[in-house]
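Got two chains here, separate frames each, mind docking them using the hints?
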Amino acid sequence: EAGVAQSPRYKIIEKRQSVAFWCNPISGHATLYWYQQILGQGPKLLIQFQNNGVVDDSQLPKDRFSAERLKGVDSTLKIQPAKLEDSAVYLCASSLRGTPGTEAFFGQGTRLTVV
Amino acid sequence: TQLLEQSPQFLSIQEGENLTVYCNSSSVFSSLQWYRQEPGEGPVLLVTVVTGGEVKKLKRLTFQFGDARKDSSLHITAAQPGDTGLYLCAGDTSGTYKYIFGTGTRLKVLA
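Going line by line, the protein sequences match chains D and Z.
Numbering of the first sequence is given in the numbering used here, commencing with residue 479 and proceeding in unit increments.
Numbering of the second sequence is given in the numbering used here, commencing with residue 322 and proceeding in unit increments.
In case anyone wonders, no lab produced these hints; they're calculated from the structure.
Hints are not guaranteed to be accurate.
What the hints assert, rightly or not - To give a feel for the contact side, a few chain D residues facing chain Z, derived at Cβ under 8 angstroms: (1) 520; (2) 534; (3) 585.
We put the beta carbon where it would ideally sit given N, CA and C, even for glycine.
With the rest of the complex left out, here is chain Z (with noise of 0.2 angstroms):
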């Protein structure tokens, strides 16, 4: 069963767009995590958001933690090529950080 839904699925966008990808779901989350996962790598994460309402920043990155911790956003300002990718939600319901993975976005920046 999977409890994170990511949209969109695929993500084809030009150099200098914005963007927004979503993590939605219908169990509240201790913490998120937001990680990147390049073809042949592991996943690297970029945040964890632990409070509800929480909006962390990184360079052109910016993510959001929703009020009632089920749901986040990552929006991308003036996206890159460099900022292709596999972008995955990863939560913990528990607190014994067993994170559960979204279905992840695939998203790729044309120069």
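The shape of chain D in the complex, shown without the other chains (with noise of 0.2 angstroms):
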């Protein structure tokens, strides 16, 4: 079975540019989830899918950051502008829905670097 795919894998940009990250989930997967995990920290949910729909986007900086989902499969993350804050790994992830406690499923991730 093949896992979330993100892509890129690394990305370097100025500040002020813009940036968007690919995620493609696990076939079937209804939820799809953003993560940021700064340096040495533990991830910190950004937005939440299931299917199409946002369920959660709280944590997202709505005013640089925005992110879709169209036709309840592949997500794009994107920054704009970007800031030196910024600099994290964005990790997707996705998962079934209908049990308690559902497994997510990690992508590696993607490395950005803003300078």
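Here it is as structure tokens:
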């Protein structure tokens, strides 16, 4: 079974530039998450999708971050404009819905460095 | 706001030693998960606990969910260098599969 695919793996941009990350979840997984993991910390949930609808985006800095999940499959996360403090690993995860404690499968992440 | 506090933050031990990592919160969780994350990789699920007081074993790893479902522990017996990594607990407070991650415990097992 193919895992969660993310691209690119690494990205270096200058502050005030824009960047986009792509995620392809495991086939059939209705729930998709984007997390931000700053070095040395646990992942922080940015946004959760259920199919193509947003379940929770309370931690998403909406003045600069946006995310979409067209057709309820692939998702993109965009930062515009980037700030130095956005340097982090951006993790995408997906899971089935319906049972308590459902497992979330993570991609390898995109490491963003803003200089 | 970080709902889940893990302790210790860092742990360096010798191969063969035992250790316990703690995950504490003031919130009640409908389920709680433990993950291990290696450098350059995403977290990988180790276990999910759902019932208060539940104990699960995975080879040398023992996971316990507190009776009140507010805390959990991970005990590793006879640690090996392959156990090295970042251990993360993650709790779901609302039953919507929205997992909030803890602060993490970085474990290093020396050969």
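Status of the hints after comparison with the structure:
A cut of 8 angstroms between beta carbons decides the hint on residue 520 of chain D: the least distance to chain Z is about 4 angstroms, and the hint holds. Because the smallest distance between the Cβ of residue 534 of chain D and any Cβ of chain Z comes to about 6 angstroms, under 8 angstroms, the interface hint for this residue holds. The interface hint given for residue 585 of chain D is met, as the beta carbon of that residue sits about 5 angstroms from the closest beta carbon of chain Z, less than 8 angstroms.
Figure legend: structure checked against the earlier numbered hints; every hint is met.
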